[in-house]
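Novice: Residue-level listing of the chains:
2 protein chains.
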Amino acid sequence: MKMFDNIAIAGLGLLGGSVALAARKNNLVSEIFGYTRTPETLEKAKNSGIVDRGFLCFSEMVKVADFLVLAAPISINIELAKSIAKIKPNILFTDVGSTKKSIADAVEKHFKRKHRFAGSHPMAGSEKRGIEQADGDLFKEKTVIITPVRNAEKNTVEKIDEFWRNTGASTVTMDADQHDEICSLTSHLPHLVAFLLVEMISKEIHSSEVFACIGSGFRDTTRIAASDQEIWTDIFISNKHNILKSIKNFRTSLENVEKMIKAKDTDALKKWIGEIKEIRQRI
Amino acid sequence: MKMFDNIAIAGLGLLGGSVALAARKNNLVSEIFGYTRTPETLEKAKNSGIVDRGFLCFSEMVKVADFLVLAAPISINIELAKSIAKIKPNILFTDVGSTKKSIADAVEKHFKRKHRFAGSHPMAGSEKRGIEQADGDLFKEKTVIITPVRNAEKNTVEKIDEFWRNTGASTVTMDADQHDEICSLTSHLPHLVAFLLVEMISKEIHSSEVFACIGSGFRDTTRIAASDQEIWTDIFISNKHNILKSIKNFRTSLENVEKMIKAKDTDALKKWIGEIKEIRQRI
Numbered sequence: 181m182k183m184f185d186n187i188a189i190a191g192l193g194l195l196g197g198s199v200a201l202a203a204r205k206n207n208l209v210s211e212i213f214g215y216t217r218t219p220e221t222l223e224k225a226k227n228s229g230i231v232d233r234g235f236l237c238f239s240e241m242v243k244v245a246d247f248l249v250l251a252a253p254i255s256i257n258i259e260l261a262k263s264i265a266k267i268k269p270n271i272l273f274t275d276v277g278s279t280k281k282s283i284a285d286a287v288e289k290h291f292k293r294k295h296r297f298a299g300s301h302p303m304a305g306s307e308k309r310g311i312e313q314a315d316g317d318l319f320k321e322k323t324v325i326i327t328p329v330r331n332a333e334k335n336t337v338e339k340i341d342e343f344w345r346n347t348g349a350s351t352v353t354m355d356a357d358q359h360d361e362i363c364s365l366t367s368h369l370p371h372l373v374a375f376l377l378v379e380m381i382s383k384e385i386h387s388s389e390v391f392a393c394i395g396s397g398f399r400d401t402t403r404i405a406a407s408d409q410e411i412w413t414d415i416f417i418s419n420k421h422n423i424l425k426s427i428k429n430f431r432t433s434l435e436n437v438e439k440m441i442k443a444k445d446t447d448a449l450k451k452w453i454g455e456i457k458e459i460r461q462r463i
Numbered sequence: 181m182k183m184f185d186n187i188a189i190a191g192l193g194l195l196g197g198s199v200a201l202a203a204r205k206n207n208l209v210s211e212i213f214g215y216t217r218t219p220e221t222l223e224k225a226k227n228s229g230i231v232d233r234g235f236l237c238f239s240e241m242v243k244v245a246d247f248l249v250l251a252a253p254i255s256i257n258i259e260l261a262k263s264i265a266k267i268k269p270n271i272l273f274t275d276v277g278s279t280k281k282s283i284a285d286a287v288e289k290h291f292k293r294k295h296r297f298a299g300s301h302p303m304a305g306s307e308k309r310g311i312e313q314a315d316g317d318l319f320k321e322k323t324v325i326i327t328p329v330r331n332a333e334k335n336t337v338e339k340i341d342e343f344w345r346n347t348g349a350s351t352v353t354m355d356a357d358q359h360d361e362i363c364s365l366t367s368h369l370p371h372l373v374a375f376l377l378v379e380m381i382s383k384e385i386h387s388s389e390v391f392a393c394i395g396s397g398f399r400d401t402t403r404i405a406a407s408d409q410e411i412w413t414d415i416f417i418s419n420k421h422n423i424l425k426s427i428k429n430f431r432t433s434l435e436n437v438e439k440m441i442k443a444k445d446t447d448a449l450k451k452w453i454g455e456i457k458e459i460r461q462r463i
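In order, the protein sequence lines correspond to chains A and B. Per our numbering, numbering of the first sequence is gapless, rising by one per residue and ending at 463. Per our numbering, numbering of the second sequence is gapless, rising by one per residue and ending at 463.
Mixed in with the good hints, there may be bad ones.
Incomplete in silico selection of chain B near chain A, CB under 7 Å [claimed, not checked]:
1) Arg-403
2) Gln-409
3) Ile-417
Hints are computed from structural coordinates only; laboratory data are not their basis. Idealized CB from N, CA, C, for every residue including glycine.
Here chain A stands alone, though its shape is the one from the complex (with noise of 0.2 Å):
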């Protein structure tokens, strides 16, 4: 059943596009439109059929949007969702950025009284970038974690959760505060630390003994420092507080370890390694 008229997505890459495709794929809208910045993206877009009408305009697009899916990187969709509360203030929207504080607070301080935003963070990531990677099936059986936003008009929540499910995925609804302090554990410190584990070995990357010593285990903990920097300087930058919190008590847990192996303290290592491999096999 078609839920909107249309939906606009600002932003094409590999989340844009799926939205657009799982919209389509669904049966949740008559109507797709696109905008990016990039000419050639938005011609990709069109020739491939993932949007119906593109739009390098983005205040042309949300006049006759209905249903509106921010997808840039978070701090393009923090400058949308300020020139949103100028041009049409009474839009329904979301946005799909990792971190989901900063635009609430710039929804809550832009937008005069009500709006009709709610956050989204669809746990659907990758390393793989680009609108060739989109998917209409990406968000199936994957969670999308819905962040309200104080002063949301009535059933905000209740429409962006509806729409999120029409795709396949289920939901589970936090505050903005709670979903940026978890994630800065379980996804933002696991991005950073794959990236220094790659740094590491940056200098010695064409020595034949470096690739020899490579195994699945290096290849599967830094997949994702294959990410892009512009989406991952912004989620550091936006989340930087909590970020800087697990750095912190990682740096403690660090210290930790690195007595245990100084002291060869094999019984604290043995018991380190058991609880958490006990943990993992859980997860």
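With chain A's structure known, arrange chain B on it following the hints.
Specialist: Below, chain B without anything else, positioned relative to chain A:
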């Protein structure tokens, strides 16, 4: 073509069992002997046909062995190597431990004049363990690193090299010191970091919100955090010197990123991530 009358394997876990199955599958030996301290494992190995003859006494197996593979945790392999020096100092043998310097030192020290030992490190590790996971194709298309040891009889490395190539692996020869230094970066530090990432969420593991925020990034990055505590305690201790050096370098880089985030230095972050992404894409 059969290379040996028999292969004798000490330690019947994932690696030991897989060596047995690969030797059988590729028709490299007439008979397979297995030693383990655990009667139940020995029964399993015999009943499933992985070994033809089981031993609960190591020296008894060594006496009748033709080619010997040490596949127990490193600290136990070292003890077994010492006893080989007394029981049958002219036997051809190797080990499959993940660090190579400590066993090389033990062989150099305990074998008078000559020996027929070279170390092996199959880059086919896994967080899985136990003979139930053994796989005759485990080494196929994988790299096995062979580490020669001073005072070895002529042809020692060649024989061991030939054995691994006959299991379907490709081989690389490397100095034990160099191996341990590189693997502290490509394997040991990634494991340590994966353990730490799981530790970071261990207190909140029962929270449904934390579970909702766990995506494929966290799963992949921490897959190896389900690794065995006996094996990994031995690795961390036996490669203490290199791992402590790697931790130190890692911490310096971590502090560097921390500064970039604190200063909201988007240009530096983008450059850093962009360079790492490019390196990771080449791996």
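Novice: A separate judgement is required for each hint: does it hold in the structure or not?
Specialist: The hints, checked one at a time:
1. Arg-403: holds, 5 Å
2. Gln-409: holds, 4 Å
3. Ile-417: Since the shortest Cβ distance to chain A is 5 Å, the answer is holds.
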